[in-house]
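Undergrad: So you can see what is in the structure, the chains are spelled out below.
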Amino acid sequence: EAQVTQNPRYLITVTGKKLTVTCSQNMNHEYMSWYRQDPGLGLRQIYYSMNVEVTDKGDVPEGYKVSRKEKRNFPLILESPSPNQTSLYFCASSLYSGALNSPLHFGNGTRLTVT
Amino acid sequence: QQPVQSPQAVILREGEDAVINCSSSKALYSVHWYRQKHGEAPVFLMILLKGGEQKGHEKISASFNEKKQQSSLYLTASQLSYSGTYFCGSGETSGSRLTFGEGTQLTVNP
Chain H
1 EAQVTQNPRY
11 LITVTGKKLT
21 VTCSQNMNHE
31 YMSWYRQDPG
41 LGLRQIYYSM
51 NVEVTDKGDV
61 PEGYKVSRKE
71 KRNFPLILES
81 PSPNQTSLYF
91 CASSLYSGAL
101 NSPLHFGNGT
111 RLTVT
Chain B
1 QQPVQSPQAV
11 ILREGEDAVI
21 NCSSSKALYS
31 VHWYRQKHGE
41 APVFLMILLK
51 GGEQKGHEKI
61 SASFNEKKQQ
71 SSLYLTASQL
81 SYSGTYFCGS
91 GETSGSRLTF
101 GEGTQLTVNP
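Chains as they are written, first to last, in our numbering: chain H, 1 to 115; chain B, 1 to 110.
Keep in mind the hints are simulated off the structure, nothing from the lab.
It should be emphasised that the depicted structure is a prediction, and the values quoted were computed from it without experimental measurement.
Yeah, the Cβ is synthetic: ideal placement off N, Cα and C, and Gly gets one too.
The reader is advised that the hints may include incorrect statements.
[Stated by the list, open to error] Here are some of the chain H residues that sit facing chain B, going by a computed Cβ distance under 10 Å:
1) Ser33
2) Leu43
3) Asp59
4) Ala92
5) Ser94
6) Ser102
7) Phe106
8) Asn108
From just these sequences and the hints, can you work out the full model?
TA: In structure tokens:
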């Protein structure tokens, strides 16, 4: 089944403890991206990748890191999480590197709580 | 810069129609529409490209006014299953990524 898989679905952690949220797609998509969703703010882009080894900042990149060493994987790294990073996170992928003219496929989300 | 969606929320009775608007201050190449049900991931509805118009579903259609940088989503004869939050995503002509609006919460009651 074609899908975007995120893990974990739920994560509770403490301030400063490094964590990684994994994202993998099996559709051979060029483009991958991370969004965070907060009430009343919609979906805000954190980072995106147009191809392997090519990543760029979105609207809210502070406090996050990403890497794209393989086409299928795009992990999101929080080196030192803080409470303001408590949010619902979505990974998404798209067939074309530009992502403007092909649909985004979203993972099921990761609900992160930082205490 | 985020596109602006209106209204923020709308409540319908089953069978009624609704229009959701999406407006950007930037020149747009494309507009995407997605629906998200509570506790789930956003799901793609349709894309509208500069110079063309694509209809994704029978009773859900959309328009794209390139000159005004605006798009509207039309939901006809709404069903209970239409309830959810609708997001538009705008793709700027000069860019390569989507920026989403804040969403419109649609509730369809029996």
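Undergrad: If you test the structure against every hint from before, which numbers come out violated?
TA: Violated hints: none; all satisfied.
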